[in-house]
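Asker: Here is how the chains run, residue by residue.
Number of protein chains: 4
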Amino acid sequence: MLIEIQANAIATRTRILQMAAEQNALAASIDTGTGSEMIAIGTPLDPMVESLSGVLRIVTNHKAFAIASLDARGKSTVAVGDVVIGNGTPVIMAGPCSVEGRDALIAQAKLAQAAGAQILRGGAFKPRTSPYSFQGHGELGLQMLADAREATGMPVVTEVMEPDQVELVSGYADMLQVGSRNMANFNLLKACGRSSKPVLLKRGFSATLEEFLMSAEYIMAHGNPNVVLCERGIRTGDTAFRFNLDLNIVPGVQAVSHLPIIVDPSHGTGRRELVHRMALAGIAAGADGLAIEVHPDPDNALSDGAQTITPDALRHIVRRVHALSEVLAETEIEELGILEASA
Amino acid sequence: MLIEIQANAIATRTRILQMAAEQNALAASIDTGTGSEMIAIGTPLDPMVESLSGVLRIVTNHKAFAIASLDARGKSTVAVGDVVIGNGTPVIMAGPCSVEGRDALIAQAKLAQAAGAQILRGGAFKPRTSPYSFQGHGELGLQMLADAREATGMPVVTEVMEPDQVELVSGYADMLQVGSRNMANFNLLKACGRSSKPVLLKRGFSATLEEFLMSAEYIMAHGNPNVVLCERGIRTGDTAFRFNLDLNIVPGVQAVSHLPIIVDPSHGTGRRELVHRMALAGIAAGADGLAIEVHPDPDNALSDGAQTITPDALRHIVRRVHALSEVLAETEIEELGILEASA
Amino acid sequence: MLIEIQANAIATRTRILQMAAEQNALAASIDTGTGSEMIAIGTPLDPMVESLSGVLRIVTNHKAFAIASLDARGKSTVAVGDVVIGNGTPVIMAGPCSVEGRDALIAQAKLAQAAGAQILRGGAFKPRTSPYSFQGHGELGLQMLADAREATGMPVVTEVMEPDQVELVSGYADMLQVGSRNMANFNLLKACGRSSKPVLLKRGFSATLEEFLMSAEYIMAHGNPNVVLCERGIRTGDTAFRFNLDLNIVPGVQAVSHLPIIVDPSHGTGRRELVHRMALAGIAAGADGLAIEVHPDPDNALSDGAQTITPDALRHIVRRVHALSEVLAETEIEELGILEASA
Amino acid sequence: MLIEIQANAIATRTRILQMAAEQNALAASIDTGTGSEMIAIGTPLDPMVESLSGVLRIVTNHKAFAIASLDARGKSTVAVGDVVIGNGTPVIMAGPCSVEGRDALIAQAKLAQAAGAQILRGGAFKPRTSPYSFQGHGELGLQMLADAREATGMPVVTEVMEPDQVELVSGYADMLQVGSRNMANFNLLKACGRSSKPVLLKRGFSATLEEFLMSAEYIMAHGNPNVVLCERGIRTGDTAFRFNLDLNIVPGVQAVSHLPIIVDPSHGTGRRELVHRMALAGIAAGADGLAIEVHPDPDNALSDGAQTITPDALRHIVRRVHALSEVLAETEIEELGILEASA
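Chains as they are written, first to last, in our numbering: chain A, 2 to 344; chain B, 2 to 344; chain C, 2 to 344; chain D, 2 to 344.
It is worth saying that the hints were derived from the structure and are not from the lab. Predicted model, so just to flag it, every value in this text is computed and none were measured. Among the clues, some could well be false.
In this list, chains with the same sequence are indistinguishable; a pair is considered to hold if it fits within one copy or across any two.
Derived lysine to aspartate or glutamate pairs resembling EDC-like cross-links, with alpha carbons at most 20 angstroms apart [stated by the list, open to error]:
(1) 111 with 83
(2) 64 with 101
(3) 76 with 274
(4) 76 with 47
(5) 64 with 274
(6) 76 with 5
(7) 198 with 168
(8) 76 with 211
(9) 76 with 333
Can you make the complete structure from the sequences, with help from the hints?
Answerer: Shown next, in the form of structure tokens:
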């Protein structure tokens with residue numbers, strides 16, 4: 002059940018949360034951006050709740066992903082450090098797959114920033130298919146990321162792999178990444194829900210749109226409204242690509258959810274020569290940003306070299322992304338209303 | 002084996018074809034666009050062929066889809082009536098899923114044309130999942146398409162469903178469409194290979210990039226070099242969409258083949274509210290055009306209403322497509338070389 | 002609409018077909034096996050039809066695949082020559098992927114028969130991914146199949162690839178095979194519907210259960226009730242197998258359709274060392290038979306060698322299949338009723 | 002690198018582990034069942050290791066899943082309490098999806114046992130798609146499982162969802178289950194590797210055979226050789242089933258790995274009426290056992306009712322499973338050698 006209340010209806014808020022607690026139901030809320038608050042309760046409360054002072058409306062026939070849905074609020078934005086995702090300007094996250102060393106990372110971060118990146122990505126805890134592969138530098142890598150932030154001013158996003166790491170990673174990073182393999186690791190999602198840091202939630206290899214948004218709902222229902230979705234390719238039967246970037250999900254999500262969504266054309270193709278075009282396609286599909294693997298020497302990157310581009314390539318992509326985004330904004334202003342009406 | 006010969010090397014050409022015939026091997030050729038001709042032979046010939054007068058080079062380690070590959074020639078264009086596909090300007094094919102009636106079709110064609118369409122699409126022979134569903138108007142529908150061409154000047158593309166229909170459909174249409182369900186109907190592909198009309202080859206629901214191009218190769222190897230590919234969505238496990246438009250295939254094809262490729266965001270999503278964004282994404286991915294289902298009253302279309310948009314919506318999409326295409330062209334001129342070099 | 006009539010209600014039958022014809026609706030019928038006839042009409046007729054003399058009942062809320070469904074009749078059997086498929090004893094179809102030559106085929110047929118095969122399979126018209134690959138011996142191959150039948154007494158099943166070949170192939174073969182790539186080649190299905198020969202319909206690589214049965218419905222609605230389904234593997238993202246044999250479809254089909262269904266563990270795995278176990282699994286899942294690629298020298302077979310087993314391996318599989326089938330029959334007699342009741 | 006040593010070569014063993022430690026490489030070992038020990042090292046050691054006293058052989062060209070592979074040892078068995086999985090007799094795990102209450106569970110356990118179950122399954126920590134759904138009774142549920150073991154003597158298997166729960170769950174359960182959604186939750190796998198309890202590893206919805214075995218390798222490389230694999234259905238595009246049980250994986254795994262593998266026809270179909278046949282098919286494919294959801298009143302089960310069968314249905318399945326297993330064993334004895342030789 003969704004209950005919209007006036008921002009200052011403190012007593013009613015308390016009462017509602019109490020009613021939820023009595024039923025052992027989860028309760029979470031989100032600022033609607035229009036001067037009110039939307040509360041999601043995990044179970045239907047007595048409909049009399051509608052008559053409480055300050056209650057603006059109740060919604061009962063909402064999507065299963067209640068607080069993540071457009072039933073809860075209009076398009077939301079998420080701030081990562083001082084970078085805002087979802088405000089109309091594409092945000093570029095870039096960096097190496099794995100953090101390799103302090104000085105290398107700082108140099109890479111500067112190159113990525115010069116190429117147009119606003120958020121630094123890089124893995125300290127690395128989920129690797131083989132137990133014998135390099136598993137990341139761990140906390141040492143987190144410190145290197147913090148140093149790179151210090152050196153560039155860019156906020157950093159990095160992966161967290163288990164509930165117990167959330168506090169540790171939150172101590173260094175500006176945004177927590179939940180990887181594809183953990184999209185339905187519900188205990189990790191709950192722990193991220195209890196963090197104050199925004200979360201980048203990557204879609205599972207074969208997750209449906211509904212499952213993807215239910216995972217976002219987990220984080221939000223446990224207290225953290227700052228979720229950014231990331232499409233990163235699904236598994237299909239075509240060996241021409243490591244994964245197939247599924248851009249349907251971008252307008253598909255935006256038709257039902259207020260959450261920002263970005264696109265990762267590096268994992269979504271697995272081939273560096275396709276990153277450029279699929280980055281442009283992602284933005285044209287309506288994505289709020291991109292996550293791209295960049296390394297000054299892709300062939301010698303510690304991991305994922307085949308899908309990693311150079312800072313130089315990134316610079317050109319970013320320039321085209323912004324040109325494309327601007328022309329889409331210009332043409333949207335006059336036309337979108339008409340389109341929607343006549344669609 | 003690919004053998005490139007000078008355009009005027011008639012005797013050598015005859016000799017090569019004779020050698021192929023002696024081995025019961027298919028032989029087909031394509032104009033390279035650079036003053037020479039590329040001949041594909043289905044089996045390796047004696048390497049001495051390289052020394053024949055007028056032979057420029059032989060290629061033996063080519064892709065399995067030899068004549069469709071970049072080993073055979075650089076990016077090709079295909080003319081449909083006087084509309085050229087593949088020359089840098091996106092081509093818009095639009096029209097109803099099914100031809101419904103003569104006057105209705107002419108009216109629809111005019112609306113589509115006014116909205117920016119250059120090629121009229123519409124089904125006379127309709128592949129329907131149920132034997133009890135409307136199967137199309139058949140030859141009568143072909144005549145209606147011809148009438149709509151007469152009335153608008155737009156060339157028409159329509160589906161052909163069996164080898165024996167190729168001649169009939171070629172008598173009315175400007176381009177033959179091979180539907181997804183028939184992408185690996187090899188006898189149909191052979192018959193299209195013997196036609197003088199260009200062919201629009203739609204990708205099968207679960208076809209790989211290699212299988213898609215091998216089907217194009219069938220048409221080309223049997224004599225028809227004028228093939229345009231069409232991505233129209235693959236089947237995945239996500240019930241949120243009828244199909245998932247797979248844009249990886251666009252730059253994926255362009256990395257190995259010279260054939261033009263267009264995108265069908267109507268079938269590729271199954272939902273009309275997603276057509277707009279996925280059309281833009283297709284163009285940003287590098288597609289040479291779009292195929293879109295348009296009907297003045299989608300809810301009452303004879304088939305595929307759920308994924309059909311109005312002419313008004315089409316007009317807005319086309320305007321944005323051209324704006325986007327222009328900005329991509331402008332930024333490409335200076336940057337593409339650098340990108341490729343540094344990717 | 003399904004209309005069940007008494008077997009001898011000739012006048013009513015004529016009247017119903019007339020009513021269907023007046024509405025341009027397809028009409029087809031099937032013997033129910035219980036002394037009546039079930040007529041399927043492609044459109045709902047006037048409900049007064051129920052009151053016609055000899056009409057036993059009408060069914061309006063049937064599956065979309067009306068005449069293929071259990072709404073039309075109980076489990077059916079299909080005779081191929083004098084071999085009956087669907088009567089409780091697994092039927093073994095075996096033979097080489099491609100017909101290679103007359104004497105070789107006769108020798109192979111004898112070996113397969115000695116190993117327990119009852120129906121000879123082999124391709125004369127071969128759908129090959131590459132236009133440059135061997136495309137089969139064509140009519141010559143059909144003659145070789147007829148010769149092998151002569152020599153062994155085994156009926157033969159072979160693929161038909163286009164509507165125009167149906168008559169030709171029917172002249173030689175005892176059963177027509179529609180390949181996976183043509184499962185939704187509706188014109189071919191219609192032509193098979195007009196043939197008097199039984200049809201083996203192979204499931205498409207990514208066809209759903211509903212699409213599979215709708216393709217059977219095409220054949221039946223066009224006049225041919227003798228359809229046997231064949232599961233042959235679906236495409237998934239796992240490169241460990243060429244295809245993944247989907248045995249869910251066996252009990253899944255049997256829960257809604259009366260048609261016999263067999264399993265092809267050769268194509269369904271793509272690996273000869275897995276054929277044995279997946280053949281057993283198919284029978285345990287409830288399949289009415291198996292189609293297996295067999296060749297005395299698999300490594301030198303003209304096609305599909307990697308998934309082809311020897312006659313010796315076939316002999317052992319067949320022995321285990323029959324042992325397994327018998328024990329299932331014995332335990333079924335007492336238990337199936339209880340199982341169904343308590344499931 | 003795999004190094005096989007004599008069981009009593011203590012000094013050499015110590016030396017090898019030291020060499021691995023010096024290179025920061027994982028090292029784990031497994032009893033070969035033939036009087037020796039196989040040690041897997043995460044990195045190649047100096048080949049001189051072969052000359053150490055007691056070293057029987059080294060294997061360098063092993064599969065990526067070294068210690069899980071047949072390169073490490075022949076078919077292994079795993080004991081759960083006093084039930085042995087992998088010794089030729091199918092093992093039946095059964096029980097409710099969710100533990101619902103103490104008395105109910107004990108009653109259900111007794112019914113399952115009477116029907117032929119040897120291991121009790123049931124969820125205390127439940128991974129649910131919605132954060133608002135019942136998440137299981139947690140530790141209370143574990144206590145109920147322990148009580149049910151007490152009452153029946155059956156060992157219990159139950160899911161563990163995060164690394165920190167491993168110790169807790171190990172305190173109550175006889176076998177730890179890693180769910181499909183966590184198959185690539187590598188930190189959880191590592192924690193299970195440090196446990197002394199055997200692990201039931203369920204395959205991810207879209208995991209490849211290689212990824213599945215790499216996840217087993219994680220557990221084994223971190224110290225726990227007692228892994229049982231479980232196929233439980235993959236996601237495909239067919240809405241007729243919740244998942245598609247992929248039985249290819251059974252002989253596929255057995256061709257490369259020594260680990261036991263069981264099959265879950267409940268999740269693998271999502272439909273209770275298909276469980277019976279797919280259980281039989283799983284055993285015929287060669288599975289070492291079955292995991293089946295059973296509840297005395299499936300329609301009122303707390304979760305997964307649609308795929309849950311009654312104890313009565315289970316009893317009949319178990320009876321047929323054993324009949325089938327026996328006939329397979331009898332026919333295998335004489336024939337398997339010949340089959341393998343001629344395959």
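Asker: Next step is simple, just say for each hint if it's right about the structure.
Answerer: Quick rundown of the hints versus the structure:
Taking identical chains as interchangeable, the C-alpha atoms of residue 111 and residue 83 lie at most 20 angstroms apart only when both belong to the same chain, with a minimum of 18 angstroms there against 51 angstroms between chains. In this assembly of identical chains, residue 64 and residue 101 lie within 20 angstroms of each other by CA distance neither inside one copy nor across copies; the values are 43 angstroms within and 27 angstroms between. Only between protomers do residue 76 and residue 274 lie at most 20 angstroms apart by alpha-carbon distance; the minimum there is 17 angstroms, versus 33 angstroms within a single protomer. Taking identical chains as interchangeable, the C-alpha atoms of residue 76 and residue 47 are never at most 20 angstroms apart, the minima being 29 angstroms within one chain and 52 angstroms between chains.
Only between protomers do residue 64 and residue 274 lie at most 20 angstroms apart by alpha-carbon distance; the minimum there is 18 angstroms, versus 39 angstroms within a single protomer. With identical chains, the CA atoms of residue 76 and residue 5 are at most 20 angstroms apart within one copy only, with a shortest distance of 16 angstroms there and 57 angstroms across copies. Only within a single protomer do residue 198 and residue 168 lie at most 20 angstroms apart by alpha-carbon distance; the minimum there is 10 angstroms, versus 29 angstroms between protomers. For a Cα distance limit of 20 angstroms, the shortest separation of residue 76 from residue 211 inside one copy, 18 angstroms, qualifies, whereas the shortest one across copies, 38 angstroms, does not.
In this homomeric assembly, residue 76 and residue 333 come within 20 angstroms of each other (Cα to Cα) only inside a single copy, at 16 angstroms, whereas the closest approach across copies is 32 angstroms.
Hints 2, 4, counting from the list given before, are not met by this structure.
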